[in-house]
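*Asks:* The residues making up each chain are set out below.
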Amino acid sequence: MSVVLDLSAFVLVLVATVVLAVMGVRMSRTTSDFFVASRSARPVWNASAISGEYLSAGTFLGLAGLVLLVGSDGFWFPIGYAAGYLLLLLFVAAPLRRSGAYTIPDFVEARLESRTVRRVTSLLVLVIGWLYIVPQLHGASLTLGVVADLPPWVGAVVVAVVVSGIVAAGGMRAITVVQAMHYWVKLSALAIPAVLMLIVLSGREPSSDTVVAFPAELGPVAADPYSTASLMIALLLGTIGLPHVLVRFYTSPDGASARRTTVLVVAMIGLFYAVSGTLGLIARVAAPDLALPGVADTVVLALPARLLPEPLGTIVTAIVVAGAFAAFLATSSGLVVSLAGVISQDLFDGSVRSFRLSAVLCVVAPLIVALLTGPEALVSSVGTVFLVAATSLTPVILLGVWWRGLTARGALAGMLVGALTVGASLIASIALDPQARAAASWITQPAAWAIPLVVVVIVLVSRWDRRRIPGRAEWYLTRLHLPERSGDPG
Amino acid sequence: MSHGDGGRPARVRVSFQSPARSADAARASSGAAPAVRPVREAESVFLTDLMRAQLRLAGACLIGFVLVSLTLTVAIMIIANTIDLPVFGVPLSWLLQAYAYYPIILGFAVVFARNAARNERRFRMLADADSVQGGADG
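Protein chains in written order, with my numbering: chain U, 1 to 490; chain B, 1001 to 1138.
Rather than coming from a laboratory, the hints here were simulated on the basis of the structure. All residues carry an ideal CB built from backbone N, CA and C; glycine is no exception. Careful, some of the hints might be misleading.
As the list claims (entries may be wrong) - Short derived list, chain U residues pointing at chain B, Cβ under 8 Å:
hint: 1; residue: Pro43
hint: 2; residue: Ala82
hint: 3; residue: Phe214
hint: 4; residue: Gly270
hint: 5; residue: Tyr273
hint: 6; residue: Leu281
hint: 7; residue: Thr478
hint: 8; residue: His481
Claimed, not checked - Here are some, though not all, of the chain U residues that point toward chain B, as calculated from beta-carbon distances under 8 Å:
hint: 9; residue: Trp45
hint: 10; residue: Ser72
hint: 11; residue: Ala83
hint: 12; residue: Leu86
hint: 13; residue: Leu90
hint: 14; residue: Val212
hint: 15; residue: Val221
hint: 16; residue: Thr262
hint: 17; residue: Val263
hint: 18; residue: Arg463
hint: 19; residue: Pro483
Stated by the list, open to error - Quick list of simulated restraints, FRET-style, between CB atoms:
hint: 20; chain 1: U; residue 1: Pro288; chain 2: B; residue 2: Arg1121; range: 52 to 60 Å
hint: 21; chain 1: B; residue 1: Asn1115; chain 2: U; residue 2: Arg404; range: 20 to 28 Å
hint: 22; chain 1: U; residue 1: Leu292; chain 2: B; residue 2: Val1110; range: 37 to 45 Å
hint: 23; chain 1: U; residue 1: Arg119; chain 2: B; residue 2: Arg1121; range: 35 to 43 Å
hint: 24; chain 1: B; residue 1: Gly1107; chain 2: U; residue 2: Leu460; range: 50 to 58 Å
The task is simple: from the sequences and hints, build the whole structure.
*Replies:* Right, dumping it as structure tokens:
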């Protein structure tokens, strides 16, 4: 690996990001520009940005690492992430676009006419966002550590500074441009190495080591069906509750185009996961020695140098490094935009200046956490974020969009029960020793029973509280589901 | 909050956006909302049907997706336990697990988006046809 080349790839991504962001700044003037790019993003453009934002370090580095570490079970994560977008499309994409709100707390407040529910929602959004930024910063530390042997804090600090700078300076318009670019950078950064390495591998003698590289016991054997099913439920439903995913739908011009955008996103992230999974399969053949916890996540960075002849290996490694940084920057900046939107409206006056201040605040907290904790497996820490979102926020959003009878108290009770359940489960799974953890998958993967529980709580409390059904619920649901007059511009 | 400024193709947005915006502004005076963004009678009658149709469609797509995925999962298990032929040096079951779910997800996404748009067009036609005698609307 060439340190100079890798670092210049990183700097190149950084410069391109900043230049595009600055170009965006010149276009972003009003408050509304800052928050949601004035809702004028075109479907392909917007879909690239959504995908760019969604594909985090967790999948860029983590998926191949996980497949190397645990075998074909690792593929369940990207399948769940992609299917999460299908659920988003089916149940909330068009209605939420029509809601006219900027953030999840905006939506919840407008729907339920309650400041208290808004505050609780904001708090949950903030926690989920912070939990999500931490693995991005860990990924940055990991990458810079492997590439340039820098101390772990450098990568995290660099990404944190760049992200808060871009977001504070440009708002979301800039971010849309930047993230659309990041999707294509990330896809190429995995596709180019994947194709080149497959060409090299196809020249080799195959088949003889199939059993060694792909042992049947690590293949699709359904070791723990409950655990897999519960994980899938969390990943499928979690996407709806992620703070940075929903805000993107407000940038589509109307409900129908929000749906078209989502279909494009499903195609784009599916393509990316397929390529990323290919690297996982290559890793099992070419780098079995890296199958160690904590090391496996670096395998994508190590593969090109092992398989490709010089100087190709060095160049391709630099490309991968560029993609990895695009991944950290894109996801973190998307999260910071939506978190800063929430904080600036809830804590401050919602002005552009308070948005800038909030953007900085939103990065500092997860940075401190990232510096205090060590990098865990990237994919599964992202999975935890989905679990929290799926149990606490998703049921309220789904019922808010589709059920007239939802009340503020019902939503509040559901969010509290969801947050407490998932919190208890996380603490319990940390406390359990590894052997007990494997036996108690209903504790470590609570989604399958916790989400239905939350829905039941919301429905029961709302029923009991039915005199307090918001007066404008009917009007608001009409707004969510009434097709725009502009129709379907094809 | 003017969304129609500049040379961008803003016509599409303005037609719906501006009334919705002013409805937001009028939020304080509760109950005044229907007067601000008039939902015509015909619309509100058919809207309940539209909501049901969209929810049914979404539910059907979800159930379809779950069933097809389960079938694929079972098929992969069976292959893994029987004739797991290596393709390009990788067992078939691993390849299916790695790639086969994404086309299914995309397929259901396309089916849903098309039918949801069709439901909305039908709603527009019904609502407009029903309110022809109602005269011009905003």
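*Asks:* Decide, hint by hint, whether the structure agrees.
*Replies:* Hints, verified against the model:
At its closest, the beta carbon of Pro43(U) sits 11 Å from a beta carbon of chain B; the interface hint therefore is violated under the 8 Å criterion. A least Cβ separation of about 5 Å between Ala82(U) and chain B falls short of the 8 Å threshold, and the interface hint therefore holds. At a threshold of 8 Å, the smallest CB-CB gap from Phe214(U) to chain B is about 5 Å, leaving the interface hint in force. Taking 8 Å as the C-beta contact cut-off toward chain B, the hint placing Gly270(U) at the interface holds, the least distance being around 4 Å.
A cut of 8 Å between beta carbons decides the hint on Tyr273(U): the least distance to chain B is about 7 Å, and the hint holds. The restraint placing Leu281(U) at the interface with chain B holds, with a minimum CB-CB distance near 6 Å, inside the 8 Å limit. For Thr478(U), the interface hint holds, the least distance from its beta-carbon to any beta-carbon of chain B being 5 Å, beneath 8 Å. The interface hint given for His481(U) is met, as the beta carbon of that residue sits about 5 Å from the closest beta carbon of chain B, less than 8 Å.
For the restraint placing Trp45(U) at the interface with chain B, the shortest Cβ-Cβ distance is roughly 13 Å, beyond the 8 Å limit, so the hint is violated. Interface hint status for Ser72(U): upheld, as the beta-carbon distance to the closest one in chain B is roughly 5 Å, under 8 Å. Of the supplied interface hints, the one on Ala83(U) holds, with its beta-carbon coming within about 5 Å of a beta-carbon of chain B, less than 8 Å. The beta carbon of Leu86(U) comes within 5 Å of a beta carbon in chain B, closer than 8 Å, and the hint placing it at the interface holds.
At its closest, the beta carbon of Leu90(U) sits 4 Å from a beta carbon of chain B; the interface hint therefore holds under the 8 Å criterion. For Val212(U), the shortest C-beta to C-beta distance to chain B is roughly 11 Å, which exceeds 8 Å, and the interface hint is violated. For Val221(U), the suggested interface contact is upheld, since its CB lies about 6 Å from the closest CB of chain B, less than 8 Å. Because the closest C-beta pair between Thr262(U) and chain B is about 7 Å apart, less than 8 Å, the hint holds.
A hinted interface residue such as Val263(U) counts as satisfied when its beta carbon comes closer than 8 Å to some beta carbon of chain B; here the least separation is about 5 Å, so the hint holds. The interface hint given for Arg463(U) is broken, as the beta carbon of that residue sits about 19 Å from the closest beta carbon of chain B, more than 8 Å. A hinted interface residue such as Pro483(U) counts as satisfied when its beta carbon comes closer than 8 Å to some beta carbon of chain B; here the least separation is about 4 Å, so the hint holds. At about 55 Å, the CB distance of Pro288(U) to Arg1121(B) agrees with the hint of 52 to 60 Å.
Look at Asn1115(B) against Arg404(U): about 24 Å separates their beta carbons, and that is inside 20 to 28 Å. For Leu292(U) and Val1110(B), the hinted distance range of 37 to 45 Å is satisfied, since their beta carbons lie about 41 Å from each other. Taking 35 to 43 Å as the suggested C-beta distance range, the pair Arg119(U) and Arg1121(B) conforms, at roughly 40 Å. Against the hinted window of 50 to 58 Å, the Cβ-Cβ separation of Gly1107(B) and Leu460(U) comes to about 37 Å, which falls outside the hint.
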